[in-house]
Every structure is written in structure tokens, then in C-alpha cells.
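J.: Listed here are the chains, written in short residue letters.
There are 2 protein chains.
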Amino acid sequence: MANKSSKTKEISKLLELKDILSNKVNQNDVFNYSVPDLWNAWDYNGSEMVKTDWGELLVNPYNFYHEVINSYILPSKKADKDYTKSLSKINKNSKIDSEDYLGGDWIKQSIVYSIMIRTSTSWDHDRTGDLEIENLYSLKETGTFVKTIALLPLLKKMGIDTIYMLPISKFSLKDKKGELGSPYGVSNFFDLDPNLKDPITGDEFTVEDEFRAFVEACHMLDMRVMIDIIPRTNSVESDLIVDHPEWFYWIEKDSYNDYFPPMVPGVGSTVSPKKQYMPKVYQSEQVWDHISKFSFAPNIVDPNKWEDLVKDYLKKENASIIEMIEEAFGLTIAPAFSDHINDVQPPWTDVTFFRMYLDHPNETREYLKDKSVPPYILFDTIKSNLYKGDQPNNELWELLSDVIPYYQNKYGIDGARIDMGHALPSELLNMIIKKARDNDPDFCFIAEELEAENAETARNLGYNMIIGNGFTEEPRTYEHRLHAFMYDSRNLPCPVFACGETHDTPRLAAREGGRNLSKMLTIMNMFMPNGVPFINSGQEVYETQPMNTGLDSRPNEQYMLDQNDRYYGKLALFDKFAIHYLNHMRWDLADNLDKVSKIRSQHLDTFTNLENFVPIGFEHPGINAIGFGYVEALKKGQESDNVFLVIANTDPHNETHTNANLQELRKVSGNQAKQGRQLYSIHEGEREIFDFDHSWNLNLHLQPGEVRIIKL
Amino acid sequence: MANKSSKTKEISKLLELKDILSNKVNQNDVFNYSVPDLWNAWDYNGSEMVKTDWGELLVNPYNFYHEVINSYILPSKKADKDYTKSLSKINKNSKIDSEDYLGGDWIKQSIVYSIMIRTSTSWDHDRTGDLEIENLYSLKETGTFVKTIALLPLLKKMGIDTIYMLPISKFSLKDKKGELGSPYGVSNFFDLDPNLKDPITGDEFTVEDEFRAFVEACHMLDMRVMIDIIPRTNSVESDLIVDHPEWFYWIEKDSYNDYFPPMVPGVGSTVSPKKQYMPKVYQSEQVWDHISKFSFAPNIVDPNKWEDLVKDYLKKENASIIEMIEEAFGLTIAPAFSDHINDVQPPWTDVTFFRMYLDHPNETREYLKDKSVPPYILFDTIKSNLYKGDQPNNELWELLSDVIPYYQNKYGIDGARIDMGHALPSELLNMIIKKARDNDPDFCFIAEELEAENAETARNLGYNMIIGNGFTEEPRTYEHRLHAFMYDSRNLPCPVFACGETHDTPRLAAREGGRNLSKMLTIMNMFMPNGVPFINSGQEVYETQPMNTGLDSRPNEQYMLDQNDRYYGKLALFDKFAIHYLNHMRWDLADNLDKVSKIRSQHLDTFTNLENFVPIGFEHPGINAIGFGYVEALKKGQESDNVFLVIANTDPHNETHTNANLQELRKVSGNQAKQGRQLYSIHEGEREIFDFDHSWNLNLHLQPGEVRIIKL
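The listed protein sequences derive, respectively, from chains A and B. Anchor point for the first sequence: position 180 equals 180 in UniProt numbering, and the numbering is continuous, going up by one each time. Anchor point for the second sequence: position 485 equals 485 in UniProt numbering, and the numbering is continuous, going up by one each time.
Simulated from the structure, these hints should not be mistaken for lab results. Source: prediction; values computed, not measured. Warning: the hint list may mix true and false statements.
Unchecked claim - No farther apart than 27 Å at their CA atoms in a straight line, the calculated lysine-lysine pairs in the DSSO-like style are these:
{"hint": "1", "chain 1": "B", "residue 1": "Lys-570", "chain 2": "A", "residue 2": "Lys-24"}
{"hint": "2", "chain 1": "B", "residue 1": "Lys-253", "chain 2": "A", "residue 2": "Lys-51"}
{"hint": "3", "chain 1": "A", "residue 1": "Lys-275", "chain 2": "A", "residue 2": "Lys-253"}
{"hint": "4", "chain 1": "B", "residue 1": "Lys-595", "chain 2": "A", "residue 2": "Lys-51"}
{"hint": "5", "chain 1": "A", "residue 1": "Lys-570", "chain 2": "B", "residue 2": "Lys-51"}
What the hints assert, rightly or not - Among chain A residues calculated to face chain B with C-beta under 7 Å, some are:
{"hint": "6", "residue": "Val-30"}
{"hint": "7", "residue": "Asp-126"}
{"hint": "8", "residue": "Thr-128"}
{"hint": "9", "residue": "Gly-129"}
{"hint": "10", "residue": "Phe-190"}
Idealized CB from N, CA, C, for every residue including glycine.
Looking at chain A on its own, in the form it has when it is part of the complex:
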């Protein structure tokens, strides 16, 4: 009986982690171990600490990481809560039963921080000039879950309440990109990336234990945790190959070097694989040449040989299944490529596509003279939401839809982004969403969907929000695409990310307008109607080097750093990279977000309900200013103290004198105040505002990129 009870009660991995670290602290050991002072937004004050002039702190790492748990996280722990569950389960979301609430819609009131665990807590702790896997102190210098706990106080200060992690699953290093390989080349959904294991816990903890401790820590701080799952593609060295070779596409090894996305004449470049293009696709000579490179899976080509190979493989340690297949069968996994016809991108050599159907697509089967050709990767088979077959790969679908429940049950995660969800059959997507919500009705889904026009489809599929295209629109302030994006997105049936950069795009601080632009957008995003504020790791310190050059990149995007910078040309998604946490402006955005996010959270319902929003116009539409009005619903009709103005000079280079038109806002709210209180400005403290004109509109003199929040 005692045994049973101890099994059902969840053990707190965070408390265990605290004890492990505590036991390893030896106050006599001398550590010359450096962390950026930004990692100490929680006032660590160990007697051994040395503060340098340039923003590094020298600490005893055991003490330091122990103390953040002990003195910052645990005081928020409540005795009766089980922090290994999702935050909605812990706190029992009261909205879950309202009619217009879709489970997971808590995201509408969240502020999201996008983190790459491997990168965001990378640091040259021993200052040898390299990010070692094992440094002078046998500690890891790339990022880990344990170290990320020390970053939480900074995120909390900025108002972050949701942490979205780039993939954390095991990935393959075969044909890897860069120094470390991309975490998007997942080789096993159910294993975590072993590189995220922190040696600071020794053998006493697994990386899984560390992730659980991390999620608990987030939950104690009322922060949610979301993962990134990738059901459409998989590593070319997936662990699934051994048991399920027929789930993959195969080509002759000899044709590997000639393998590329086939050109289709007469359709233009980089076009969606719409059905009207399919006749032209199947008329292309290159397409037929491409199809001819494919083969049936090795277990179909020669079942006996396959059986022997697998037996052989299981006997060997550290053998590579794909290399063995290449040698024995002359076959290899076919690399993936873009679903767009005539895209300029080369093949994605580290990943392949799953075979979603076991037969050829219904819509294009007619073009195959020989129906018995082996399964092949092409624009139609990639886009399996549009081009379905008759025989769903049920066993694969079951597995893919079991991934999220596994992470829910084991780690208590709160939501997920679905990578390339737009290329999944809707039936599969339904399975994925349903299984997750059966498990946790308030589980949030984010669609990897950039186009506003697809928001409705996404919402209908069960997604809570789409990513949207803020990162291309917001920085283009002079073209007023910022205005269009921020105003028009309120008409969408679900929110989009209010963001100016992501891990795939240029950094705001590296755009025209630099830090002024980044600061203005980062603050305005906190108030964008129907926007979910989103901060990309590094954005808060005005990082200029992108993590990837996937989207909206300029030709020199990879080279934003000084040539003498040790990370010149490095991309976090593939390489060893540490964010420039020592930048002298490193506390600027955090300090500003601290103020702004407090205003937002004090009036969260006002700012996140679209019905309260009134756009603010200026003298004429060409002015480089933008303004949001928000009416406090319960105070409607009051003559004062019921209206917020959030106004920015969208020009990062020039000051502006302008006049904010408050007619509509006053009409809607009843507000007649001729005096206001400025709650926040980039350049000023709080003060009273009197400068209204004869029509009670507000005269403004705004510095470049200045944002003001005013209460009337």
C-alpha cells in the first residue's frame, strides 16, 4: 500500500535538482565562472561573486543555479499544487466552459518568449574563447534546461508568461548543417536532445529529469511552456527507419548527387502546388527523371536481406542504420525540398518527408503511366493536405498523434506549435489536436501559418492562433505596412503574433532604424489589437545576428556582426552561438518592458478585448505615427479615467509634431477629460498632460521611435 501511494504521488524534479546542486556546492572551491549579469535579474548575492565592469559576474555555478531555485522560484510554490501538470490543470481555468472560448485561448492574453535552449543560455563561462561541451570546470557552455532556469527572472521582469521552445527532441547529425546541426532534423520524437543535458547534475539526473524540473519552475512562476513539434518531416537518419523503412521515401544512392527539386517549365517561380499546375508538373522531363530515381523501401526490395541487416544492426553498438542500408542495398533516404514549384532553395539535406499515404495521390494518379512506380517526393505528395491518397499510413498517424500526449503526460506542457501543419492531411491534424485536447482541454495550438487569409481555416481546424507575417510587415514602417498589419489583423478570427522578428528572420536591431525601431515595435506589440506579443530570444538585448536566414533575408544577412566578433557569420540554428548579452544597452528593453508590461497586466482585459479598441488617427494618413485607444468597458460613459492611449512615432530617425484625433474615442467612451496622465514614455517619466487643442485632440511632440502611454 505504501508502495502504491509513493508511485502515484509525483516527485518534484525541481526540488531534487535543488538538492543535487546543494550537495555539490563546496564553498572552498574557487570558480572563475562567468555569467552575464542579465542572468541575475533576481539579485543573487553570493559572497564569492565578483562583478566586472562590463556585465559579467564571476560566481560559483553550483551556488548560483541552486540559489535561483531556492530564493527566487520556490517562494512562489504553493504546497497543494502539482507543478508537473499543465498550468491550466494546476489552476483550473474558469473560462474553459464559456461558449466562445476555445481550449488554449489563454494564448490571447499571453506574452510569448521564443527560446532556443541550446543557444539562449550558451555562454563562454570559463572565457577560453570557445563554447566548450566540457569546459575547465567540466561544465557545459552551450545551453541547458538547468541554466535556463536562471534566465526566468529576466523573462518574468519583461512580463513574459509563455515560453515557446524551438525543438528540443533528439536530432541527427548526418549531413548536419553548421557546427552543431539543426534541431529541426528530428530523429526521435520521444527522446530529448542529449546535448541539452547539463553535466552540473552529474549522473544523478537525466536530461528528461532536467526538462521536468524546468517546466515545474516555469509553472511555479505562472509561466506556460510550449514545444515545437514537427510531424511532416523527419531526419534522414530517423530512429524510425529500422522498424518502418516503408514510412520513408528512398532513392538510389548513386543518384544522390543529382538529386534536386525538378524544374517545371511554364508556371513561373516559387508557386504554390495548386491543382491547375499539376498537368504541367507531370509534363516536365525533369519531373520524370526525378521520379525515376526513387526505389521501393529496402524491406520491400529484399525482405530477407533486410531482416538480416536489422539483426546485424541491433547487435552493433553505435552503428548507423542508414549507412548500412546504403552499403547493402545501394539505397538512401530521399532528402526533402520546398513544396513550392520552382523554388530556388536547394534540397533540405538533413530531413526527409514522411509518407502520409501508402498509395499515390488520388488527384494526380492519372498522370502516372505506370501506376506501380515507387513512392516519390513531389510537390503533390509533399502537400498531403491537398493531395490525399486512399490508404492513410495509419500506424504513422497514430504515432504522430501520440507525441503531444506523451509530452503532456511526462512533462505537463501547455501547448505546441505544429511545424508545416499546412502540409498534413486534415484528418491527421484532427487526430493530433483531438488527442491533445482530450488529455488537456485547455491545450494551445499555434499554426505555422504566415498568411492572414488562412487564419479562418486554421481556427476551424482547432488552432488557437496563427504566426502571421508581422516580421515582414512591422519593420516596413515608412511604407505603412506596420499600420496595415497592426490595424487589419484585428479583423482576423484568431490572433497573430505581434512581432517584428523570429528565429527565421532578420533581427529588428539589424534593420533600417536599428535600436529605435526595435524598441518602438517591441513596446507597441504589447498593445497590438488581436496580437499576441512575441519576443525572440536576443531581441531584448538588441542582438543583430539572426539565428537563421530563412525568411525575408537580405544578401548579407548572415554577416551582421563585426568581422572581429567571435560569432561572425554564425547562425544559432546550426552553429555554436551565444547571444551578445554584454551589449551596453543590455538592460534597456528589459527595464522598459518591466514598466510597460505592468501597465498591460494591470488592465489586461481592457487591452486584450477587441471590443475596447478604437484606432487613433492623426492629421492625415501619411503621418509616421500610430495610435491605439482602449476604453475600459466597465467605466464606459464616465467623463474621465476610462481611456488609454498608446501612441508611437513610427519613424525611427526623425522627431514629429503631430495631433492625435480623439473624437471617435471620446464618442465611444464618453470621456471629456482635458487633462491626462502620462503613464509611460521612452524618454520621460510619469507626468500630467495638458496639451489639448480646441477640439480636445492631443498635441504631441514625439522623438524618433518614441512610444507614450497616456491615461485620460
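Here the structure of chain A is known, so what remains is to put chain B in place on it, guided by the hints.
T.: Below, chain B without anything else, positioned relative to chain A:
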């Protein structure tokens, strides 16, 4: 008997130091302790070492400093030698009995390195941004004798064979200049500066032990050690005050703030205190006002009170004798000032003068209406070589002339520079030199004498050489003051320093011409006729920040560093300062000196005998080139292989095409070679030289600042 023998046998402190370090090595301790790679010119290769990209090495300091002794120094040790004696005693200089050899003349063939122990091995070993007295590892970050041992291999590589140290005696911190105080304010001749003690040896070694170990290490490497002694001035808080208050000048404490060098109308500014000026001096009202501030020493003012005060002082720990005197008597020590009349320099608040005579000067006594005025500091009493009294301060003179024998007997030093020797009575100087040479006939003396015209006087007094004024002349290449200095100095009766910078002057690399100038001069100085090559610590890495702004300084001399440099505005003589050992050109001069000094030492007698020297002219005297010819004496009359040319383009900015006139050189040597071998050039490797004109003169195309050494 056993006891007696163990007392007479000298124990090697270097071997003891090695053992102390060896015993403290713990290979399990992790050290993140950094040294510049320049400190490892001896190929340390500890398995724990991490090499950074920027020139720092991370090492276990116990291992590192142990290994330089063990693997670099000790292999040069010969069993039968006692390295605690001077090198001349160890090796028995055969020249000592030649007629024209003055004991100490070995300096004529030396290459001298001027080092300031406190500064030259300062390093932020734990990289906390500060030069701590006790760093993370409880080790010292300012310089020490122990650390300087690791610098010897670099000096050896550069051809250095004589180390001249700025003062290493205990100095006072009263009214100290800068962060650390100047080592020129000596408070006790017989104690070493306790700040030079290295905590790496713990309690097992005193700073005296460490200095002895250092001298032994130098001697094992055939390097001599010279000290800087300062017999004319002393700290205002000298340890001698307690026993000998009457050796000092006293003023009323109340007049301290009005104390300054008195103006003398009608003689001009900054003039030597020649006898013809004395009437005017003693007509000046300010002079009389100045004299009126002086008092008799406290023991004369009130002998009983003095006796009580001394008793009281001896009872207290850490009491300040001068503060007690100030309180009890209202008297304080009179600060020193320049011996030049109407000099602009303010008083030297940290030092005073010794009273060399116990009566007023013979020559100026007549001007005193009241012969019983207290002793006073004035231009005549300062310049006690010119203005003697009848009553020499014999007890003081004995003490001052015992300083060098003390250092000879205790440490085995090889020579000394006498600070302000020109202001000492000749009888005292004779005592100092005689006692030292009685002890060690080959002991070298360097006069702090900048004027060439005083070289003869200095030589007659027993000095081996004077400092000279190379540091003002050499950098002025465009005015051909370099030419004048280098050619004319050969007529002097003793050598001068062949140098472009000292610890008191601007850095060569900070002069017009920068690194090109510094490199050209540093190399040419190796061959200057009648010059003793002299390198100022930091010069070898193109340091730009001076150690002091005493001589030939420009108005902004103190601010040669970038404003963001952590040592911006710091002067090594007073402040915490580390030489910029990480400069990317840090190995350039050392590598060049390695080659050049080898050529010099292989033909040392040729290059250091003035009789072998023939100046090389060019088309006309205005050309920015300089050339030295040296004839190998024993090969005179041979038609080839008997002549060296050392030629430089003295213009650091522009290349030059010129023609070296070899007529005189060929005449003197008999050389008729029409082919030569270039042994060295800044820009090229070794090669054959053929480019002679019809008169067998040499055509040259020289890059800016290029130096070439050619053998014909």
C-alpha cells in the same frame, strides 16, 4: 662545527623556491588563471593549459612558475658556481686587470632592459577587470620577483643580458601619488618594497628570499642585475626620522600649504643654480619668506619632549612618526623641489632632501644676515656638489655608502644607477663608488646624467657610463637629431644609452612615426657606436602609454590610450598598470630582436669596438637614411667577408631610393666585394646583394623605417 659550515655555505633560494612551488602544485585544482603568451617564450606545455585566440594562456600558476625554473632556468645551472654572487665574481672577468678597463665596463657590451617589477608582471590573472592585491586565487596581480622569472625567457630571446630595475626598496605612502605611490619615495634603503612579495610562496618565503631567487635565476642565464639607488632624496616619512631627525629639513606645519619653490626675479626661468645667480637668489623677497618657514629639527627644538615622543612611538604599533611630530611640535618635513631656479614644477610632496652638511654652504653663507637660521632647502643646499659646507654629515654619508655593499653582499647585484648623483658632494660619491668596488671591483655605475658634455666628469668620478639624451634626440629623425646623436656620441669618453624611450619619457610607439619609428630605432640601437642598447619595459610590445610624464612630454602625454582602455590616463610609476601584452603585434619586436641580437652577439667585439666603426654617407647629408659600417679587425685587408653594413631608412612614413657611399669603408677595410649577403631586413629574408653602382657603392630601395644588415 657542522653548524658553522651550514652557515657559510650559501643556500640556493631559487632551488628552495622551486621546491615550495612544486609542493603547492595540486593537479586536481582547476585554475582559470591567465598569463600573456609572451610570458611563455620558453614553451611551457602543461596539460592543463588552454590557449586563447587573443594571446592569453590559462594555466595552473603553481605549475607554470615552477616549470620555468625547472625546465628553462635550471638546465643552465653549473654545479660549481655560486649564483648568489655577482656575475663578474661567478665568471671571473679576465679584462678586469687590463689598463683601459674600468671595473664595470662590461656594460659597454651589454643590452639593458629597464624593468619596473611592480608593473612589468602586472596582469589581471583572474580577469575580473582589476589588478587585485589578492585575486580569486589569493594570488597577486601586481608584479613580483617570482612572476618576473617567467619573463626572463622573453628577455633572453631579445638578447637582453642586463636587467636594470627601477627602485625596489620600501617606500612611503604618505602624500603618495596615484593609486600605489612612487617607488622613488624611498623610506628605507635596507628593506625591500613589501608589495613585491608574492603570496604564491605563502609564509615560507620573504620578499628578500624571492629577490635572491630572482637574481640567481638571472645569473644562471648569464644576465646581470642592476638596481637604482636614490641617495639624494628620501621619503617625507623615512624610517630614518626616528633616529636622525637632524638629517632632515623641517618647516612649520602651518606653513606647509604656502610652501613652494621661491621665485627669483631677474634670472630667467629654469636655470641651473650657478654661483653667479646666488646674489640675486638671496635678494629675492620670496626666498627670505621661504627661509623663514624652516625650523630646527624637533630633537633640537625640545630634546626632552623629543625623547618622550620617541618612547611613545616605539610603544605603539603602526604609528606614524611624522604625524606624531606634527601634532606634538607643529613641525613637518620640508618637501623637495627642483634644483633649477624658477622651474615650473611644483614641490615633490612625497620626498625631501637629506642634509648633506650640518652647516650652511660656504659659498652662500655670507648672504645670511643671521647665521643661526635653521637649515633650509634652497637651490644651493640642494646642489650640494657645488655648495659644500665645512661639516659633512659623516654618519649619513657612511649609511648612504653602505647601501650598495648591503645589496652586493645580500643579493649579489652587479651594478647600480645613482639617482641625482649630480647633486651629491664628490667626496660622498667617491665613498659610494669606492666601497662598492672594494667589494666587487667589476661593479658597474651608471650616472643619472643626461648631458653629453658632462660625460667626461662622470667618467672621472668613476661612472662607467651616462644615460645621455637619446630619448629626446632619436625620435626627431626628420630634424636629423637622430644622426647627430648616433654619430656624435662616439666621441664621448664613455658610452650612453642607445635608446628612444625611458620610464620617464613618451613611448616611441606613441611618437610621430609610431611602430615603424619604434622598430627602426630599437634595431638600430643594437649597433649604435658607443651606445649601450636599452629597452624600456613595454617598448617590445609597442606600448603607447608612458610610465611617467617626466621628460619631453607633450600636453596630452598621459592620455595615449583609447578612452575605453581600462588603463586610460594611468601612469605605471604611480598607478596600477599592466602593459598591453595582448597587442596583436606583440611578438614582432621580440622576433626581430631575436635575429638581430644573434648577429650582434656573434660579432660582439666587432660591433662594440669604436675603432672598427666607419660612418656610411649617402648622396647628400639631407637624405633620411643612416648607415654604420663595421670592419672586422682581424680580417682587415681582406678583399671580402670583413665588413658589416647596418643601414636604415630613418623616415617612418616614406620609402626611399638611395645610394650608400662605401668609399671610406672599402679604403679602411680593403674590402672590394661586388656581392654581399643580406643577413637581415625588416621585410625580407636572407639573400644575396648585387646592386652596386660603377663606383662599387650600394644602391638601396628601403621601405619606411626599414633596417638592413649586410655582410660584404
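J.: Hint by hint, note whether the structure agrees.
T.: Here is how each hint holds up against the structure:
no.: 1; hint: B:Lys-570 - A:Lys-24; in the structure: 42 Å, violated
no.: 2; hint: B:Lys-253 - A:Lys-51; in the structure: 43 Å, violated
no.: 3; hint: A:Lys-275 - A:Lys-253; in the structure: 31 Å, violated
no.: 4; hint: B:Lys-595 - A:Lys-51; in the structure: 44 Å, violated
no.: 5; hint: A:Lys-570 - B:Lys-51; in the structure: 22 Å, holds
no.: 6; hint: Val-30; in the structure: 6 Å, holds
no.: 7; hint: Asp-126; in the structure: 5 Å, holds
no.: 8; hint: Thr-128; in the structure: 5 Å, holds
no.: 9; hint: Gly-129; in the structure: 4 Å, holds
no.: 10; hint: Phe-190; in the structure: 37 Å, violated
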